[in-house]
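Asker: Could you put the whole structure together from the sequences, leaning on the hints where they help?
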Amino acid sequence: MLKDNRIRMIIGHYGSGKTEFAVNYAINLAKEVGNVALADLDVVNPYFRSREKYEQLQPFGVSVLSSYVKGSGSDLPAVSADVLAPLQDKVSNIILDVGGDSMGARTLGRYKEYFVPGEYDMFCVVNANRPETQDVAGVLHHIDTIERAARAKVTGLINNTHLLRHTTVEDVIKGQELCKKVSEVLNIPIKYIGVIEALVEELPKDLEGTVLPIKMIMREDWM
Amino acid sequence: MAKVLMKGNEAIAAAAIKAGCKHFFGYPITPQNELPEFMSRELPKIGGAFVQAESEVAAINMIYGAAGTGARVMTSSSSPGMALKQEGISYCAGAELPCVIVNISRGGPGLGGIQPSQADYFMTTRGGGNGDYRHPVYAPATLQEAVDLTMEAFDVADYYRTPVIVMGDGMIGQMMEPVEFKETTRRDLPVKDWATTGTEGKRKPNIINSLALDPAELEKHNFKLDARYKEMEEKEVRHEMYKVEGAEVVMVAYGTTARIVKNAIDALEKEGIRAGLIRPITLWPFPMKAFKDIPETAKALLSVEMSTGQMIDDVKIANEGKLPVHFFGRTGGMIPAPEEIMDKVKEILGGGK
Chain A
1 MLKDNRIRMI IGHYGSGKTE FAVNYAINLA KEVGNVALAD LDVVNPYFRS REKYEQLQPF
61 GVSVLSSYVK GSGSDLPAVS ADVLAPLQDK VSNIILDVGG DSMGARTLGR YKEYFVPGEY
121 DMFCVVNANR PETQDVAGVL HHIDTIERAA RAKVTGLINN THLLRHTTVE DVIKGQELCK
181 KVSEVLNIPI KYIGVIEALV EELPKDLEGT VLPIKMIMRE DWM
Chain B
1001 MAKVLMKGNE AIAAAAIKAG CKHFFGYPIT PQNELPEFMS RELPKIGGAF VQAESEVAAI
1061 NMIYGAAGTG ARVMTSSSSP GMALKQEGIS YCAGAELPCV IVNISRGGPG LGGIQPSQAD
1121 YFMTTRGGGN GDYRHPVYAP ATLQEAVDLT MEAFDVADYY RTPVIVMGDG MIGQMMEPVE
1181 FKETTRRDLP VKDWATTGTE GKRKPNIINS LALDPAELEK HNFKLDARYK EMEEKEVRHE
1241 MYKVEGAEVV MVAYGTTARI VKNAIDALEK EGIRAGLIRP ITLWPFPMKA FKDIPETAKA
1301 LLSVEMSTGQ MIDDVKIANE GKLPVHFFGR TGGMIPAPEE IMDKVKEILG GGK
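So the sequences go chain by chain: A and B.
First residue of the first sequence? That's 1 in the working numbering, and the numbers climb one at a time after it.
First residue of the second sequence? That's 1001 in the working numbering, and the numbers climb one at a time after it.
No wet-lab data here; the hints were simulated from the structure.
For glycine and all other residues, C-beta sits at the position ideal for the given N, C-alpha and C.
Take the hints with a grain of salt, since some may be wrong.
[Claimed, not checked] On the chain B side, residues computed to face chain A include the following (Cβ under 7 Å): (1) Thr-1030; (2) Pro-1031; (3) Gly-1110; (4) Leu-1111; (5) Ile-1114; (6) Arg-1259; (7) Ile-1260; (8) Asn-1263; (9) Ile-1281.
Answerer: See the structure below:
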């Protein structure tokens, strides 16, 4: 996590769990280093955006940047200029949580000047249980459209294959195999495996990528 | 087929296609946009048609036309957009046109907000449009149920020649859950010999119309429709009872709210307080008879809604004055927390907070 570049973009299909991954990643990162900002660039989804968890993230030392427009009732595609500060400040760590699909990734284009190859990471979150990213062709298509919109290249894969609380080890392995194939085609590594906490101990130990235990922060207990 | 993770709006759209829906007409509005988006991507692949209309009013009238040809058709919207569709829904009911209409409801009144709400209960169950009509209203509480009920809705629409509403609050549209698409046992459906499919010179033209010039004819028509509504009240009611046996307070809730209420019931049980739930799955026809199964232990009813109190009217009708009826609700897009509901139950039972 500390070896990742200080600018990290988290992209993926909606439902891949990228916001949940981004939030968990931010909390873990803030345990190790200061100056962690999570920028909610989601201009696509009206619900379940990381800005909703602003108060929960603050105590962990994660500042959340989102829209000027306050209130969960807005679905205006507005992003705060505050996002520029950690992008420009070389000692800041910033995680860009990029909403839904290539449409959502368009917001990244505005920050192109900061995406110098070798100085950023763009992680693609893959959930093999999402209908559109169940096979290699689906994931490749997805990455291709997002890269074009974002004008940046994916540097790592995140196997985040899940069925929420119903996730099994088999689901994770299935996702790992899919990511492995994508990894070979694109020649990019599997960087992380996002797994609900309860399953972490049951996973085989020889999987490529760092296991990041996921606490379900975005999903209410009653869901 | 294995389970896949889908967003509510996508799952409903996929279920509709699975049920044979080939034509969709709609106009965008949050929080249901993923539904038309899915249709716009998938319907052309199966030789169907997706039309983004110029307004909700146009969309529902396209539904009128397309349903008249006997095709399986769908439109979807959210609260203020649904308000616009009411005239067309009344026309479809009058002209006996089968169609499925999805309402992923949000805060109101007026333009309101984009967060989940259940304040369309009156509009949806009392007939937002004019005239003596009813239509079935399905209120799923999980995405699997949303899938199953959407598929069922098309059969029910065809069987009774009626518009059918699938109503989920915004949370049902936006949340993700594992779903599977099961092969359902289909009803025996009548041939659509009323559809405007071209006479080929072999029969008299079929006419799709909701205008009647003779009041005696219109009364006859309304009595015919009413007999059908009575049949639906007899055969199409659906509900779930949850831990009602031995309950001191029986709550009534549907959709997302029912899930929260179940959590509250389980937590109350751990504290030694017995509460149960009647969950209407059809809001119309309302599960009146379920209230006859409320046990002697019950001291009160509690309607829990994401509104300031709308379903509570049906709860009072079903209760027939037997038990005190209380209410707890959040509105405007606010979602009740299990703890708030627990406190209300304790208050009713006299325990205080």
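Asker: State for each hint whether it applies.
Answerer: Okay, the hints, checked on the actual structure:
1. Hint status for Thr-1030(B): holds, given a least beta-carbon distance of 5 Å to chain A, under 7 Å.
2. Evaluation of the Pro-1031(B) hint against chain A yields a held restraint, the C-beta minimum of about 5 Å falling below 7 Å.
3. Interface restraint check: Gly-1110(B) against chain A, minimum CB-CB distance 13 Å, threshold 7 Å, status violated.
4. With 7 Å as the threshold, the beta carbon of Leu-1111(B) stays out of range of chain A, its nearest partner Cβ sitting at about 10 Å, so the hint is violated.
5. Checking Ile-1114(B) against chain A: minimum C-beta separation of about 5 Å stays under 7 Å; hint holds.
6. The closest approach between the C-beta of Arg-1259(B) and any C-beta of chain A is roughly 6 Å, which is under the 7 Å cut-off, so the hint is satisfied.
7. For the restraint placing Ile-1260(B) at the interface with chain A, the shortest Cβ-Cβ distance is roughly 5 Å, inside the 7 Å limit, so the hint holds.
8. For Asn-1263(B), the shortest C-beta to C-beta distance to chain A is roughly 4 Å, which falls under 7 Å, so the interface hint holds.
9. Because the smallest distance between the Cβ of Ile-1281(B) and any Cβ of chain A comes to about 19 Å, over 7 Å, the interface hint for this residue is violated.
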